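J.: So the chains spell out like this:
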Amino acid sequence: MEPCELEFIGENTIIGVIPNFTMDPIHLISGSIGPFRAGLPVHVPLWLAIHMKKQQKCRIVPPEWMEVDLLEEIREEEKRSKFFTKMPDEHYMVISKLILCNAADDVPSAEEIRTKIKDIFDIRDAKLRTSIKTFLQGSGTYAKLDNLTQFEIHTVRPLLPHALDHIARYQRAAIAAERRTTTMSNSGFAGSSGHNSFFSQ
Amino acid sequence: MWEKQYAEKAFDLIKELERSNESIPEFQDEEVRQILEEVKAIYEENVAQAATISNSGDKTLWPLLNYRHAALQRNKRCLLAYLYERLRRIRCLRWEYGPVIPPEIKANLCEPEINYFNNYSKSLASYMLSIGDGEGIDLTTDLRPPKALYVEVRCIEEYGKFELEDGEVINLTKNSQHYLPRQQIEALIRQGILEHIVQ
Amino acid sequence: MSLADVRDDLNISDEDDQNLSDEEELITAQKVLENLENAWLNEQNCPDILPHQTEMLELMLGQISHMDENMKSLDKNDFRFIAHKMELERVRYIITSYLRTRLKKIEKFTKHILIEEDSRDDEHKRLSEEETQYAREFHQGICSHFNQVALQYMPPNLQGTDEKQMIVRPNLLSHIYLKAKKDVASVVVGADDEEVDLVAGSQHIIPYQLISDLVLSGKAQLI
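Same order as they appear, the protein sequences are chains A, B and C.
Offset between the first sequence (1-based) and my numbering: plus 200.
Offset between the second sequence (1-based) and my numbering: plus 227.
Offset between the third sequence (1-based) and my numbering: plus 880.
Hints should not be assumed to be uniformly reliable.
Subject to a maximum C-alpha distance of 25 Å in a straight line, what follows is the list of computed DSS-like cross-link-like pairs (lysine-lysine) [as the list claims (entries may be wrong)]:
#1 Lys1044/C / Lys333/B
#2 Lys374/B / Lys911/C
#3 Lys349/B / Lys988/C
#4 Lys349/B / Lys374/B
#5 Lys374/B / Lys984/C
#6 Lys911/C / Lys242/B
#7 Lys1099/C / Lys254/A
#8 Lys257/A / Lys333/A
#9 Lys257/A / Lys1059/C
#10 Lys984/C / Lys286/A
#11 Lys349/B / Lys333/B
#12 Lys333/B / Lys911/C
#13 Lys1099/C / Lys911/C
#14 Lys1044/C / Lys374/B
#15 Lys1099/C / Lys333/A
#16 Lys988/C / Lys242/B
#17 Lys254/A / Lys965/C
#18 Lys286/A / Lys1044/C
#19 Lys267/B / Lys1044/C
Don't read these hints as lab results, they were simulated from the structure.
Predicted model only: the values in this text are computed from it and were never measured.
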């Protein structure tokens, strides 16, 4: 899936805004929003929040994980852990990008937060690349991907699945060749045992 | 008769298409004709030889017969691959330009390809019309996720007052920035008065 | 199935809903949208063509035209109008992208899909009627072009268009990303019959064919 599509999906995230107008609830297909009371926080989808912000109809309430100390903790934990830690939000990359681009003035220490999030992503990205390398050098065709977010999974797409498809093809050819030569052989190498935990515990 | 290998021309045909930078290069009428002639000639040779074999019972010619048959199939395969890939590119035209092919591209198509395009276009149109309650949906637009009904624009040429549908009047002075309904200002963007600010 | 919906801000009457017989199942527009979003994600990430979501699609298209109609009376610069309009554009994108993804597969694997479809009974058809017709016309178009430009000039034994090697097939063993929606025990994940238990919410990369049944039954979502 393309980055614009991942952003599109992330935009469905519900987020807090403080409107500067008053209005009855709006019944969207995806769920009702409002009532809107000037000065009182209310939850809306991110796509609408960004529009309201651009029209100067609201302030955005950053999600609670967009906070320097918390992100610092996450970054340190990510550094320490051999595996991927759980992110505070499945769409943390899309959400932080959209909010920081469009409503940086509503985010205390926006610059610092931007840096921290980039750090976290970079650490995870490096980890992901190492994991893939190890995984591809093994003989498995299956792996668990726990705690990776959709955005991260798709940064390695289509490379990872594509490489695996090729490896699997060679393995099938090799197995077929092996069958032709030995009828009773147990030395198959298509197994994925022991090679499926590079991405998570 | 053939200094070169069998089916070499047919293979060249695909290679050329693959290398071409144009969306659709000119249809290789002459090459296609030559390939079809090669096919005919190989076939006739085989027919003649098959007759010789059945008359004389001489089986030593069998491998040659098989070899030629493989050459026939390779020719067919390459030629169809050439046509098939061109059809794929021709379909892209429908999604890119709509039901009318731009003349400079049309010049590169052969008559049957133009017919193919028209039939494809018709077939796609009636499929799209069949979606929903007779209203239909155009699948060839909105190829990317919708970003906004409103867009951020910068005024790059002095324009002056511009009235929006709701009666609001905005002043489009040079270098001023606005957040406006996309539909209403698309014409101004095309005319080069406003430019879309991309973040 | 019918829409049980909250549309009071658009003054859509609920009369239709009251006329429903007891057997008819009510589903909210929100749920229909969710189903369509999932179907869209599945279709985009799946090498094979999945069962067409005709019912969900029709419900949502009905909802959209209802709303389009009712929105005509709203002021175009009203926040309410804009919120609805923006959402409708998003829904429309999901629908068109979903249908486009299917068309692309139909165009690429035409003959393969038609053969599979013919072997399925009515209950298990994957294409909508319109898609099936489109696929047939599409296949016909290619065959007749081949005939017209090349095959008719070839010897009789080379004129066929239905040889096996001319069928383009998807690689069902290609790797996909998967999120388990429910706990599923003992899923075979490797060629040596290795099994793992999928925990709800867990994510995996795995050849599609090994878990295609989980996608079809809704126990897992492609991501």
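J.: When you check the alpha-carbon spacing of Lys257/A and Lys333/A, does it fall within 25 Å?
T.: Violated: Lys257/A and Lys333/A sit about 48 Å apart, past 25 Å.
J.: Straight-line Cα separation of Lys349/B and Lys333/B no greater than 25 Å?
T.: OK: Lys349/B and Lys333/B at ~17 Å, within 25 Å.
J.: Tell me if the straight-line CA distance from Lys988/C to Lys242/B falls inside 25 Å.
T.: holds, 21 Å
J.: Within a Cα-Cα threshold of 25 Å, do Lys286/A and Lys1044/C meet the stated pairing?
T.: The given pair, whose Cα atoms are some 48 Å apart, is violated under the 25 Å limit.
J.: Mind checking the alpha carbons of Lys984/C and Lys286/A for me, to see if they're no more than 25 Å apart?
T.: Between Lys984/C and Lys286/A the Cα gap is close to 36 Å, so the pair fails against 25 Å, i.e. violated.
J.: Between Lys333/B and Lys911/C, is the straight-line Cα distance small enough, at 25 Å or below?
T.: violated, 47 Å
J.: Check whether the Cα positions of Lys349/B and Lys988/C lie no farther apart than 25 Å.
T.: Distance ~19 Å between Lys349/B and Lys988/C Cα, so the pair holds.
J.: Is the hinted pair Lys267/B and Lys1044/C satisfied, with a Cα-Cα distance of at most 25 Å?
T.: holds, 23 Å
J.: Given the hint that Lys1099/C pairs with Lys333/A, does the C-alpha gap stay at or below 25 Å?
T.: Roughly 30 Å separates the two Cα atoms, so the pair is violated.
J.: Can you confirm whether the C-alpha distance between Lys911/C and Lys242/B stays at or below 25 Å?
T.: violated, 50 Å
J.: Would you check the hint for Lys374/B and Lys984/C, treating anything up to 25 Å between C-alpha atoms as holding?
T.: holds, 24 Å
J.: Does the structure keep Lys254/A and Lys965/C at a Cα separation of 25 Å or less?
T.: Satisfied, since the Cα-Cα distance of roughly 17 Å is no more than 25 Å.
The earlier numbered hints that this structure contradicts are 1, 4, 6, 7, 8, 9, 10, 12, 14, 15 and 18.
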